[in-house]
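Residues per chain, in single letters:
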Amino acid sequence: MPSADQLRASAIITFREELTRLEAEGVVALEPALRERIHAHHEATLAALAAAGDVDLSAAAARLSTGMRIATLLGTIALSAAYGLFVSSHWGTLSLTLQLALVSLPPLLLVVLTHVAAARERSGYVASLIATVAAIAFATNLGTLGQLFNLPDSRTALLAVGAFAMLLAYGYGLTLPLIVGIGGIGGWLWTLGAIPLGLWWRDGFGVIEPLLLVGLLALTAPAWIRGPAKFAPWWRGMGAAALIIGLLVVENIGQTSAFTAADLHTIELGYKLFGAVVLTALIAWGIRRDHRVVVQVGSAGAVLYLFMRLVDWFWELVPQWLFFLLVGGFALAVLLVLRRLHGARVVAR
Amino acid sequence: MRRAIAAMTLVVLANGLVLVSARRDRVAPAARTPVAVCARHIIGGGTSDEAPALRLWLAPESLSTPTGLDASDLRALGFAEQVVAAVGRERDSTFRSPRARPAWVRLRQRSDSLHEWSAVEVQPPGARPAPDSTSVVLHGLVVIRERPTAPPPDSAPGHDHAAMPRAHPAGVVHPFVIEVIPPQLHLDHRQIATLRSGLAESAGCEVQRQAVIVTGANGGLWVESVR
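Protein sequences, first through last, are from chains P and E.
All residue numbers for the first sequence refer to my numbering, where the first residue is 1 and numbers rise by one.
All residue numbers for the second sequence refer to my numbering, where the first residue is 1 and numbers rise by one.
Hints may contain errors.
Stated by the list, open to error - Output of the computed footprint for chain P on chain E, the stretches with three or more beta carbons under 8 Å from beta carbons of chain P:
1) 1-11
2) 15-27
3) 99-105
4) 186-199
What the hints assert, rightly or not - Chain E side only, calculated, beta carbon under 10 Å to chain P, not exhaustive:
5) Gly-44
6) Gly-78
7) Leu-138
8) Glu-179
9) Trp-222
Worth flagging that the hints you see were computed from the coordinates, not collected in a lab.
C-beta atoms are modelled at their ideal positions from N, C-alpha and C, and glycine is treated no differently.
When you get a sec, could you build the whole thing from the sequences and use the hints?
This is how it looks when you write it as structure tokens:
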């Protein structure tokens, strides 16, 4: 997602292009003094944005930035793989002290590197990648410690890695570690559902209701967690995705519900009805509050949900060619409804 | 900067906590258990990608009911009444295998040719069994599942029944330990080198070495020495 600075710079460039077009078509002719004032203001704003962060002021610069980002991503993956393969190929011959140093120092060094990268490269892209590798290194660190000291696996590692990634994400305004953080803390919260059910923590991942609650919590998180504005869509998007994936799983596999003592058919039917209500509410909420990512994720979930219902209702009743004809017709109907909604919103504006 | 320091503190704290508790555990060992080690029990070491470890192979005979898995014990582990009632009977169509339950498991090494481990005792999570010098105690997962019945005598190799439609006989529902946690114990570079050199000629259990597994003051397990 582009930064707020990049969005502003792009808006200024688009404004200039559109103004030139309008003037060429004779729609508007600005007073030279006014035109000069706007131009000077935009120049100053662009200069300030360029000084404050890494913004692309032309399409060519944007393409160059994309190339640099791909190179950085590949470089980071290659360096991580080199480190991982080196350690694993020599692991069996190393003393305990060396083993401990090899797994505990990288996350510390990578935090320092994140700090340096965030200060030097203002777009935050390199810092974001390094911080993510730091979180992965910390997860490896904890996993290896557990292996070296024969500890039983624990959900606490998820919390620790999630908190670590969150500290870096909020400390430097980095999106990629935020995703790792939401995943880590969300995963930890999800497994808490295993406690009242008396299950081993890992088996908590097989129970869907806590995931639905985690999704709901993430959806509302931007309202009660202060942070960069660009984080809000990620919280909402991941929350909506968790909610939808959970519903799609539990309505098809009733055994993943915490209420397995009840009849499986009743559980699945209940969640199918609940899913229809939740998906509708989610999309409506997204449209009303102008949360684009919620609408997109909700719509994708609704299409999947309806496709599954079509399979439930028609797959065994009609020939396969007719089934796909029905799906195609249904997709067209959805397209028509969405076009009508889109048209209504344009008129309203 | 403040959050970077907080992140580094988190790393140091997590590592420190594990190291300090491991050190405390090892100061006053509670029990030492000598065990036989065969080539098939060890993994990793040398140029292998896997971390060197002594694997705790569970014998298939662990399917026999260990102490602590009768009806009242299964209820104590949290299994529902209708699941407990199904134990020991042929599985009917209404039976659904429940989720695994965590428990403390006492493992004892068998003295047969494979030297695998049998679960001999199971206790609920709140009642950890005391360690002794003939067994190790660790976490485990207990399941209640259908154990397939032995195939009928006419299905021995050489008979081709693949094309014959035949109903699969229902198995008997049985509780058993499906997994122990951790499933293997770490070996340091000297231990794995000693074991690898001593067991180099063997693939199975014809040649054996001896290791001592120690149970720490707080229940931690580690391989103290190998001979």
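Discussion item. If you test the structure against every hint from before, which numbers come out violated?
Written reply: Hints that this structure does not satisfy do not exist here, as all of them hold.
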